[in-house]
Every structure is written in structure tokens, then in C-alpha cells.
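**Student:** Go ahead and model the full structure; you've got the sequences and the hints to work with.
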Amino acid sequence: MPDDDVRLLPFVESPVLQRVGIERQCPDEDAPLFEAWRKGRTTSYGRTDLQKGNEHNVEEQVIEGIVVKHYN
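For the sequence shown, our numbering puts the final residue at 73, and the numbers step up evenly by one.
Just so you know, these hints were derived from the structure itself, not from any lab. Quick caveat: nothing in here was measured; it's all calculated off a predicted structure. Keep in mind that the hints are not guaranteed to be accurate.
[Stated by the list, open to error] Distance condition first, Cα-Cα at most 20 Å in a straight line; then the derived SDA-like pairs of lysine to any residue: (1) K70 / F35; (2) K53 / H71; (3) K40 / D4; (4) K70 / A37; (5) K70 / R25; (6) K70 / S45; (7) K40 / Q62; (8) K40 / K70; (9) K53 / A37; (10) K53 / V69; (11) K40 / D5; (12) K70 / D4; (13) K70 / E14; (14) K70 / D50; (15) K70 / E30; (16) K40 / I23; (17) K70 / I23; (18) K40 / L10; (19) K40 / N58; (20) K70 / G54; (21) K40 / P16; (22) K70 / E60; (23) K40 / G54; (24) K53 / A32; (25) K70 / T43; (26) K53 / F35; (27) K70 / L9; (28) K40 / R8.
**Tutor:** Written out as C-alpha cells, the structure is:
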């Protein structure tokens with residue numbers, strides 16, 4: 002598990018992300034810390050209603066501004 006003070010940012014040196022492109026959801030300085038995301042994820046587990054995603058058999062939930070996909 003990473004340190005709680007790590008900002009959740011895309012890995013810009015990734016060849017895949019460079020090829021496909023990075024769609025930023027927020028400025029780097031506003032990106033959530035891992036601690037906030039981890040606490041939000043564990044707190045919401047089993048308590049939130051998942052939204053139907055665009056893909057077949059995929060449900061989505063947003064935690065600290067990050068979309069989490071649940072594949073069923």
C-alpha cells in the first residue's frame with residue numbers, strides 16, 4: 002500500500018497513456034491524496050448504490066472524484 006500522502010496522478014511517462022492520451026479530471030494540485038481515496042473507498046463499501054456504466058455488466062461509483070468500475 003502506498004504512503005497516504007501520495008497524490009493520485011496519471012503516470013505521464015507511460016507509453017500507453019502517451020499513445021492513447023491522458024484525460025485529466027482535475028489539476029495536479031487538486032488531485033486527491035491516497036489517504037482520502039482509501040478512506041472513502043472503505044467507508045462506501047456496501048453502502049452506496051452503484052450506477053450502471055456505459056459498458057455491459059459494469060457498474061460505476063465515484064470516490065473522491067475517481068471513477069471506480071465494478072465488473073460483474
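**Student:** Run every hint past the structure and note whether it holds.
**Tutor:** Cross-check of the supplied hints:
1. K70 / F35: Distance ~17 Å between K70 and F35 Cα, so the pair holds.
2. K53 / H71: 10 Å, holds
3. K40 / D4: It holds: about 13 Å lies between the C-alpha atoms, which stays within 20 Å.
4. K70 / A37: Since the Cα atoms of K70 and A37 sit roughly 18 Å apart, the hinted pair holds (cutoff 20 Å).
5. K70 / R25: Roughly 17 Å separates the two Cα atoms, so the pair holds.
6. K70 / S45: Given that 20 Å is the threshold and the Cα spacing comes to 14 Å, the pair holds.
7. K40 / Q62: Roughly 15 Å separates the two Cα atoms, so the pair holds.
8. K40 / K70: This hinted pair holds, its Cα atoms lying about 17 Å apart.
9. K53 / A37: 24 Å, violated
10. K53 / V69: 12 Å, holds
11. K40 / D5: Holds, because 10 Å separates the two Cα atoms, which is no more than 20 Å.
12. K70 / D4: Not satisfied, since the Cα-Cα distance of roughly 23 Å exceeds 20 Å.
13. K70 / E14: Cα-Cα ~24 Å, so violated.
14. K70 / D50: 13 Å, holds
15. K70 / E30: 24 Å, violated
16. K40 / I23: 26 Å, violated
17. K70 / I23: At roughly 18 Å apart (the allowed maximum being 20 Å), I23 and K70 satisfy the hint.
18. K40 / L10: 17 Å, holds
19. K40 / N58: 26 Å, violated
20. K70 / G54: 8 Å, holds
21. K40 / P16: 31 Å, violated
22. K70 / E60: Holds, at roughly 6 Å.
23. K40 / G54: Outside the cut-off at roughly 23 Å; violated.
24. K53 / A32: 25 Å, violated
25. K70 / T43: Cα-Cα ~15 Å, so holds.
26. K53 / F35: It is violated: about 25 Å lies between the C-alpha atoms, which goes past 20 Å.
27. K70 / L9: Within the cut-off at roughly 16 Å; holds.
28. K40 / R8: Measuring from Cα to Cα gives roughly 14 Å; hence the hint holds.
Comparing the model with each earlier hint shows violations of hints 9, 12, 13, 15, 16, 19, 21, 23, 24 and 26; every other hint is respected.
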